[in-house]
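Asks: So the chains spell out like this:
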Amino acid sequence: MSARSENLRDIARTLRFRTVRMSHLSGTPHLGSCLSCLDLLVYLYWRVLKIDPRNAKDEGRDRFILSKGHAAPVLFQVLAERGFFSVEDLEDYGKDGSIFGEHPPAPKYLPGIEAATGSLGHGLPMGLGMALAARIQGASYRTYVILSDGECNEGSVWEAALMAAAQKISSLTVFVDYNKWQATGRSNEVLRLAPLAAKWAAFGWSVQEIDGHDFAAIEAAASKSDELGRPKVIIANTVKGKGVSFMEDDNNWHYRIPLAEEVRKAATELQIPVDLIRLDGLAPRTHE
Amino acid sequence: MRNAFADEVTQLAAQDQRIVLLSGDIGNRLFDRLRSQSPSQFFNCGVAEANMMGVAAGMALSGLRPITYTITPFTTTRCLEQIRVDVAYHEAPVIIVGTGSGLSYASLGPTHHSLEDFAILRAIPNLRILAPWDAPSLRYVLRQALIDPSPTYIRIGKKGEKDIAPIDRVESIGRLTQLIAGETVAIVAVGTVANEAVRAANALNSLGISPTLCLVHTVKPMPEADLEKLIKSHRFIVTVEEHSLAAGFGESCASLAQRLGFDRRILSLGTPDAFLSKVGSQSYARKLSGIDSTAIVDAVQRLISSSK
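Line order of the protein sequences matches chains A and Y. Using my numbering, the first residue of the first sequence is number 1, and each one after it goes up by one. Using my numbering, the first residue of the second sequence is number 1, and each one after it goes up by one.
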């Protein structure tokens with residue numbers, strides 16, 4: 001089946017379930033953060049990015065950086081489903097000796113990874129460097145970065161925003177996964193982000209604000225033609241824990257690990273066939 | 001050294017289109033030739049060093065050979081995490097150049113001193129640490145550093161340092177450069193403080209003592225083979241660096257000697273574990289810190305008389 005013809009909603013449902021299941025089996029957290037940016041990743045990897053899983057290092061490939069590296073479980077699921085490695089390989093996630101950890105490793109360890117993120121505020125400067133390199137070398141690839149809203153606490157994000165605007169680098173597109181939560185509180189209460197779109201606009205970026213779970217809206221924003229000499233930011237209003245009713249907008253799921261019963265409940269909500277749940281015989285591990 | 005750096009980068013950039021100089025808003029007029037020769041090979045990244053280092057890593061991962069340049073503390077400790085993660089962990093071929101290292105900017109106060117950079121950066125995997133001592137050695141190590149893609153930190157001085165040795169005398173990365181073959185005592189001087197060691201060797205000569213004099217530009221990887229030979233062939237080693245004694249080159253030497261099973265006495269000269277509370281010239285600050293030529297002469301004499 002070609003990447004183009006698949007139904008994005010079906011892909012997103014399947015990957016949501018696999019991410020919940022993997023959190024349960026590995027005892028690793030950040031499920032809420034994973035589910036809030038999942039639709040953005042699905043849209044980018046199935047509709048936007050010019051990438052070839054069989055030639056992952058192709059020099060002309062589009063660059064994608066998941067700057068909110070703690071959503072690596074979703075990135076791994078996406079890369080597996082797109083064929084950078086097998087879905088079976090991912091069964092090693094979180095096990096001793098596995099390359100699949102809670103954050104993306106350096107690119108040399110895993111095909112499809114452009115940057116080892118996890119320390120917040122690193123992905124945008126690196127993405128800006130990649131975009132500038134394209135311009136210097138006359139390459140036509142584009143660079144995409146997903147930031148979290150909590151990540152916008154980091155000064156380096158705004159340093160990069162200033163330089164991208166000064167450099168008029170229109171081949172750079174940022175998505176802010178604006179789920180309104182950070183690890184321990186409401187992102188607007190911890191450090192005031194609002195008005196987020198106005199902030200980016202004041203920094204000289206071309207700004208759009210959308211529903212980050214609506215594929216038609218993501219498509220419209222992503223395909224909007226470049227404003228001459230302006231980097232692009234798409235403020236994606238999202239819901240932390242999106243797609244699993246009892247996780248939605250509940251920040252406990254930043255760290256909580258689902259029980260087997262909760263995975264089954266999520267599977268039902270996501271219309272996953274019972275024979276694909278596969279929890280039996282695999283003992284869940286506890287986090288820490 | 002600063003002008004030699006600008007001149008060398010300008011020449012290298014003309015030969016290698018992958019070279020991009022990223023400046024942290026310093027070096028007014030210093031890079032004018034580079035900017036007019038090739039505007040796309042120069043970026044003023046502003047006073048935003050964390051971003052500058054991340055941008056450099058992104059460029060390096062996309063086929064370029066970026067060189068970051070600003071005052072040493074700002075291109076090292078200010079953006080340490082970007083060096084550790086974006087550059088070193090990614091093995092991104094970035095060259096980080098810190099100018100005005102050690103006590104070069106003694107008069108600017110401790111905010112502009114860099115006496116901890118070796119200690120902090122040595123602990124980071126994948127990163128080479130280089131400290132040339134004059135313009136020729138700087139030109140040499142910069143060319144060498146560009147040959148292989150290892151991430152590299154180069155600590156340089158300011159302007160006006162006198163040349164110590166011609167470029168063809170400078171040994172390659174990972175080697176010691178022996179200037180004088182002597183006996184009993186070997187003085188090993190790291191980077192820009194080399195001129196104090198040269199002065200000390202001359203003064204010792206007139207006192208009838210002929211030490212060996214070696215200059216070091218490679219702090220990491222340690223020049224182990226050359227140091228081993230030196231330790232074997234001398235009763236005493238005196239190291240001197242414009243850097244804190246804490247986890248500096250001297251400590252690395254002592255731990256190397258111990259690892260190799262030598263009980264040879266290694267005396268290390270470096271700055272004390274304190275921020276300098278007085279301003280002044282670089283030579284004043286070196287004297288105050290016990291790393292000037294007089295301090296080196298005293299150390300050598302003490303060692304020799306202790307053995308009699």
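Since the hints were derived computationally from the structure, they do not count as laboratory data. None of the values given here were measured: they were computed from a predicted structure. Beta carbons: idealized from backbone N, C-alpha and C, even for Gly. Treat the hints with care, since some could be wrong.
[Unchecked claim] Partial chain A-side listing against chain Y, Cβ under 8 Å, derived:
#1 HIS122
#2 MET126
#3 GLY127
#4 GLY129
#5 LEU132
#6 ILE136
#7 GLN137
#8 SER140
#9 ALA216
#10 ALA217
#11 ALA220
#12 SER223
Asks: Does each hint fit the structure? Answer for all of them.
Replies: Here is what the structure says about each hint:
1. HIS122: 6 Å, holds
2. MET126: Where the cut-off is 8 Å and the nearest Cβ of chain Y is about 4 Å from MET126(A), the hint holds.
3. GLY127: 6 Å, holds
4. GLY129: 2 Å, holds
5. LEU132: This hint holds: LEU132(A) lies near chain Y, its Cβ roughly 6 Å from the closest one there, short of 8 Å.
6. ILE136: Where the cut-off is 8 Å and the nearest Cβ of chain Y is about 5 Å from ILE136(A), the hint holds.
7. GLN137: 6 Å, holds
8. SER140: SER140(A) check fails; min Cβ-Cβ to chain Y is 13 Å, beyond 8 Å.
9. ALA216: Since chain Y brings no Cβ nearer than about 32 Å to ALA216(A), farther than 8 Å, the hint is violated.
10. ALA217: 29 Å, violated
11. ALA220: 28 Å, violated
12. SER223: 24 Å, violated
When each numbered hint is compared with the structure, violations occur for hints 8, 9, 10, 11, 12.
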